[in-house]
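Spelled out from the first residue to the last, the chains are:
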Amino acid sequence: MNKFDPISRRRFLLGGGAALGGLILPGCGKTPLPATYGSLLRMGDNLTYLAHRTLLPGQSLVREYSHKDISSFPAIGAVTPHEPGKRGYSAPYRELQQGGFADWRLAVEGVVDRPGLYSLADLKRFPSRTQITRHTCEEGWTAIAEWTGVPLSRVLLAAGMHRSAVCVCFYTYDSKVVHSLDMLDALHPQTLLAYGMNGRDLMIRHGAPLRLRVENQIGYKSRKYLQRIVVKDVFDDGGKNGVAAMGWAWYTGI
Amino acid sequence: MSPETFAPTAAPHAGWVKSTHWIATVSFLLLVFTGAEILMVHPRLYWGEVGNGLTPAWIELPISKNYRHGGWEGKEAFFSGADAPVSEARTFRTFNQNSWGRSLHFLAGWGLVAAGVVYLLAGIVSGHFRRHLIPRGTELHPRALWAEVLGHVRLRVRSATGGPDYGRLQKCAYFGVVFIAFPGAVLTGFAMSPAITAAHPWLLNLWGGYQSARTVHFLLAVALVLFLAVHVVMVVKSGFRCQMRAMTLGRKST
Numbered sequence: 001m002n003k004f005d006p007i008s009r010r011r012f013l014l015g016g017g018a019a020l021g022g023l024i025l026p027g028c029g030k031t032p033l034p035a036t037y038g039s040l041l042r043m044g045d046n047l048t049y050l051a052h053r054t055l056l057p058g059q060s061l062v063r064e065y066s067h068k069d070i071s072s073f074p075a076i077g078a079v080t081p082h083e084p085g086k087r088g089y090s091a092p093y094r095e096l097q098q099g100g101f102a103d104w105r106l107a108v109e110g111v112v113d114r115p116g117l118y119s120l121a122d123l124k125r126f127p128s129r130t131q132i133t134r135h136t137c138e139e140g141w142t143a144i145a146e147w148t149g150v151p152l153s154r155v156l157l158a159a160g161m162h163r164s165a166v167c168v169c170f171y172t173y174d175s176k177v178v179h180s181l182d183m184l185d186a187l188h189p190q191t192l193l194a195y196g197m198n199g200r201d202l203m204i205r206h207g208a209p210l211r212l213r214v215e216n217q218i219g220y221k222s223r224k225y226l227q228r229i230v231v232k233d234v235f236d237d238g239g240k241n242g243v244a245a246m247g248w249a250w251y252t253g254i
Numbered sequence: 001m002s003p004e005t006f007a008p009t010a011a012p013h014a015g016w017v018k019s020t021h022w023i024a025t026v027s028f029l030l031l032v033f034t035g036a037e038i039l040m041v042h043p044r045l046y047w048g049e050v051g052n053g054l055t056p057a058w059i060e061l062p063i064s065k066n067y068r069h070g071g072w073e074g075k076e077a078f079f080s081g082a083d084a085p086v087s088e089a090r091t092f093r094t095f096n097q098n099s100w101g102r103s104l105h106f107l108a109g110w111g112l113v114a115a116g117v118v119y120l121l122a123g124i125v126s127g128h129f130r131r132h133l134i135p136r137g138t139e140l141h142p143r144a145l146w147a148e149v150l151g152h153v154r155l156r157v158r159s160a161t162g163g164p165d166y167g168r169l170q171k172c173a174y175f176g177v178v179f180i181a182f183p184g185a186v187l188t189g190f191a192m193s194p195a196i197t198a199a200h201p202w203l204l205n206l207w208g209g210y211q212s213a214r215t216v217h218f219l220l221a222v223a224l225v226l227f228l229a230v231h232v233v234m235v236v237k238s239g240f241r242c243q244m245r246a247m248t249l250g251r252k253s254t
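Protein chains in written order, with this note's numbering: chain A, 1 to 254; chain B, 1 to 254.
Don't read these hints as lab results, they were simulated from the structure.
Wrong hints could be hidden among the right ones.
Said to hold, decoys possible - Computed spacing ranges between beta-carbons, pair by pair:
#: 1; chain 1: B; residue 1: G208; chain 2: A; residue 2: R200; range: 26 to 34 Å
#: 2; chain 1: B; residue 1: P56; chain 2: A; residue 2: G38; range: 38 to 46 Å
#: 3; chain 1: B; residue 1: L120; chain 2: A; residue 2: N241; range: 57 to 65 Å
#: 4; chain 1: B; residue 1: R68; chain 2: A; residue 2: K176; range: 31 to 39 Å
#: 5; chain 1: A; residue 1: P189; chain 2: B; residue 2: E139; range: 51 to 59 Å
#: 6; chain 1: A; residue 1: Q59; chain 2: B; residue 2: L249; range: 32 to 40 Å
#: 7; chain 1: B; residue 1: A147; chain 2: A; residue 2: T36; range: 49 to 57 Å
#: 8; chain 1: A; residue 1: F235; chain 2: B; residue 2: W202; range: 28 to 36 Å
#: 9; chain 1: A; residue 1: G38; chain 2: B; residue 2: F179; range: 51 to 59 Å
Claimed, not checked - When the alpha-carbon atoms are kept at most 30 Å apart in a straight line, the in silico DSS-like pairs for lysine-lysine are as follows:
#: 10; chain 1: B; residue 1: K75; chain 2: A; residue 2: K68
#: 11; chain 1: B; residue 1: K237; chain 2: B; residue 2: K171
#: 12; chain 1: B; residue 1: K65; chain 2: A; residue 2: K86
Here the structure is a predicted model, which is why all the values come from computation and not from measurement.
Idealized CB from N, CA, C, for every residue including glycine.
Turn these sequences into a full structure, and let the hints steer you where they fit.
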């Protein structure tokens, strides 16, 4: 029996190739891609990243919840970086914690006109934002909390971020791992430098005195115990200290 | 059961059916493997938006050392009141291979979605769905369906035809897999992406929250694995060599 086949193999390949090119090419111009380290998995991560950047509207806000939705919240990873011998221990952090974080400063550096050090009081002088959002852990669990802080975009603009900026790197006390965000997520209105959780100061286990909140990515991008922020004009995924080199996805919008 | 009238009317599988079948097969097996790994990291399922180690689970599966690990300390309530949400710190070193597990899951997801889109478009355009896959009204008479169920339970399966026409139960199974289970698995998957749900919050409404989507994702995966098991049994019982030839290099059924 002869079959009716409207799509020849050649037409199928041509059409598919054109569609894939249409998906990837618009993204290539604007979006510098993280290195793949020769890994098929990192190539897949990049395909997802490009698809999100190409197909999703720029800076949609994640859902915000009401106060009654606030849930219990596990603290995982480093939870006591001020205690010697514990995971993520940092002697400088211990010193700052013992002084009630009075001497803690956030360094903002890189391609900015006014690099500087910000105390907690400095950061609290910026207009604040409070949002009740869902934390989505890569492990599969979720928790809802209210976060208060200053949008990262305000601090970057106050520091005089250059137009050439392509990414922002985050350094923390509890680990050598460097995380970074592209400018779309760094300047997202819900991306916060958070100092408050559920109406009070951040607990140590949740990242005191200051943590990042990246609401449209998976939880591990929301770094705790912030120390230094560096704006870069060349894409930097953290190199050998970055998550991608350690086998984890750099972009975790999924 | 005798081959009866089936063999003479059988049409061979179209080329696009064969290629998408095997791309989907490889993708699906990878998705099940990595999906099991991801579930082992947090083997608890919930309904609604929120679920974590500090909230009650709908079911908890004994599939890794993370099952009921109980490693929590330093309980602290966020608010006053007996049932106020709490923070607790995890002391247990969990099983977690999500670095490759998640990325491979999404890479395989790309394979499934690509094959699925080609298959759905070609199936509509060629009339394959209308002519071969969607059960006709007369085929859905309960008594006839029940008779065929009984026949299948007794493993009395008609001989291989190497392509359409399909039996009525076969049509129902393929219809459920193609139009319900796989699209549902993809849409529940999307509902677990913070970036996608920021742009498309209806995905969360559709399933009733992140954790509901995750639970439905799991239940659909179980249904698809059961389908695969029955599918393979049917292929073997009806004539393994003929069926495999028909779905690979064979052009004509005999």
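These are the hints, each one checked on the structure:
1. Checked against the hint of 26 to 34 Å, the C-beta distance between G208 (chain B) and R200 (chain A) comes to roughly 31 Å, which is consistent with it.
2. Between P56 (chain B) and G38 (chain A) the beta carbon distance is about 44 Å. The supplied range of 38 to 46 Å therefore holds.
3. A hinted range of 57 to 65 Å is violated for the C-beta pair L120 (chain B) and N241 (chain A), which are about 43 Å apart.
4. At roughly 33 Å, the beta-carbon separation of R68 (chain B) and K176 (chain A) lies within the given 31 to 39 Å, and the hint holds.
5. Against the hinted window of 51 to 59 Å, the Cβ-Cβ separation of P189 (chain A) and E139 (chain B) comes to about 54 Å, which satisfies the hint.
6. Taken as a hint, the range 32 to 40 Å is violated for the pair Q59 (chain A) and L249 (chain B), whose Cβ atoms sit roughly 50 Å apart.
7. Look at A147 (chain B) against T36 (chain A): about 55 Å separates their beta carbons, and that is inside 49 to 57 Å.
8. Distance hint check: the CB atoms of F235 (chain A) and W202 (chain B) are about 33 Å apart, consistent with the given range 28 to 36 Å.
9. One distance hint, 51 to 59 Å for the beta-carbon pair G38 (chain A) and F179 (chain B), is violated here, with the actual separation near 39 Å.
10. A hinted pair counts as satisfied when its Cα atoms are at most 30 Å apart, and K75 (chain B) with K68 (chain A) qualifies at roughly 20 Å.
11. Restraint check: the Cα-Cα separation between K237 (chain B) and K171 (chain B) comes to about 18 Å, which is no more than 30 Å; the hinted pair holds.
12. The hinted pair formed by K65 (chain B) and K86 (chain A) meets the criterion: a straight-line CA distance of about 22 Å does not exceed 30 Å.
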